[in-house]
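Trainee: Taken in order, these protein sequences are the chains called V and A.
First residue of the first sequence? That's 22 in the working numbering, and the numbers climb one at a time after it.
First residue of the second sequence? That's 22 in the working numbering, and the numbers climb one at a time after it.
Treat the hints loosely; a few may be bogus.
Copies of one chain are not kept apart here, so a pair can be met inside one copy or by any two copies together.
Stated by the list, open to error - Below, computed lysine-lysine pairings styled on DSSO-like, alpha-carbon distance capped at 30 Å: (1) Lys68 to Lys101; (2) Lys147 to Lys24; (3) Lys128 to Lys147; (4) Lys24 to Lys128; (5) Lys101 to Lys147; (6) Lys128 to Lys68; (7) Lys68 to Lys147; (8) Lys68 to Lys24.
In case anyone wonders, no lab produced these hints; they're calculated from the structure.
Protein chains: 2
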Amino acid sequence: MLKAFYRAYIDCLNRQDWNELGRYVADDARHNGRPLGLSGYRSMLIKDFEDIPDLRFTIDRLACEPPLIAARLLFDCSPKGNFLGLRIDGRRISFAENVFYEVRNGKIADVFSVIDKAAIEDQIAK
Amino acid sequence: MLKAFYRAYIDCLNRQDWNELGRYVADDARHNGRPLGLSGYRSMLIKDFEDIPDLRFTIDRLACEPPLIAARLLFDCSPKGNFLGLRIDGRRISFAENVFYEVRNGKIADVFSVIDKAAIEDQIAK
Chain V
22 MLKAFYRAYI
32 DCLNRQDWNE
42 LGRYVADDAR
52 HNGRPLGLSG
62 YRSMLIKDFE
72 DIPDLRFTID
82 RLACEPPLIA
92 ARLLFDCSPK
102 GNFLGLRIDG
112 RRISFAENVF
122 YEVRNGKIAD
132 VFSVIDKAAI
142 EDQIAK
Chain A
22 MLKAFYRAYI
32 DCLNRQDWNE
42 LGRYVADDAR
52 HNGRPLGLSG
62 YRSMLIKDFE
72 DIPDLRFTID
82 RLACEPPLIA
92 ARLLFDCSPK
102 GNFLGLRIDG
112 RRISFAENVF
122 YEVRNGKIAD
132 VFSVIDKAAI
142 EDQIAK
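Generate the whole structure from the sequences, applying the supplied hints.
Mentor: Pasting the structure below:
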């Protein structure tokens with residue numbers, strides 16, 4: 022159940038179907054402690070796709086236990102300028118994000134995300 | 022079942038009970054793609070406790086769905102020298118680790134860990 026919900030959410034992101042985002046994300050959603058709300062959450066994602074034109078979310082691993090969804094996401098993309106404070110300038114990088122979602126009333130209410138910045142640093146140091 | 026197993030594993034780490042580690046970790050365990058095996062895994066943990074004398078693993082969130090365990094761990098500790106390539110020098114830092122474990126034949130066989138390095142950078146920049 023949560024798995025199907027989550028796969029549909031990720032598909033919504035990859036389609037950049039921002040009008041549908043409210044089916045998955047709560048009006049008062051928080052992301053890493055920040056009270057973004059649905060509109061701030063949407064703005065964050067739109068900016069991500071602006072900064073990373075070839076952004077695509079790929080689910081590598083998924084463990085669901087209500088009310089939690091835990092996902093390991095893989096990315097293989099080319100941020101245009103800076104990313105996480107690192108100068109990428111269009112180079113292609115690959116990295117993982119391990120992220121927990123707390124689902125309340127059928128929507129994502131709280132997100133705890135960690136991106137593997139050290140892996141990106143290793144790649145751009147080469 | 023996996024929850025109790027995982028809590029016992031974390032308790033084993035916090036006790037630094039290295040003789041018991043093989044009850045939880047497979048002989049051919051991998052960690053972030055590295056084929057450490059049980060002995061290499063043990064060595065990694067022993068070094069962690071040497072580098073961070075007040076290291077303690079605290080489970081913040083836990084989602085188990087066989088064969089996966091997904092945990093968000095919180096740390097509040099004082100690494101002696103460098104940590105993740107950052108000069109800490111005994112300062113107290115707090116950070117999260119989001120980590121997936123694949124369990125095979127009742128033991129941790131594969132680990133995919135991401136530590137929130139950006140959060141540590143923010144703290145030491147202050």
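Trainee: So which hints don't hold here, by number, going up?
Mentor: 2 and 3
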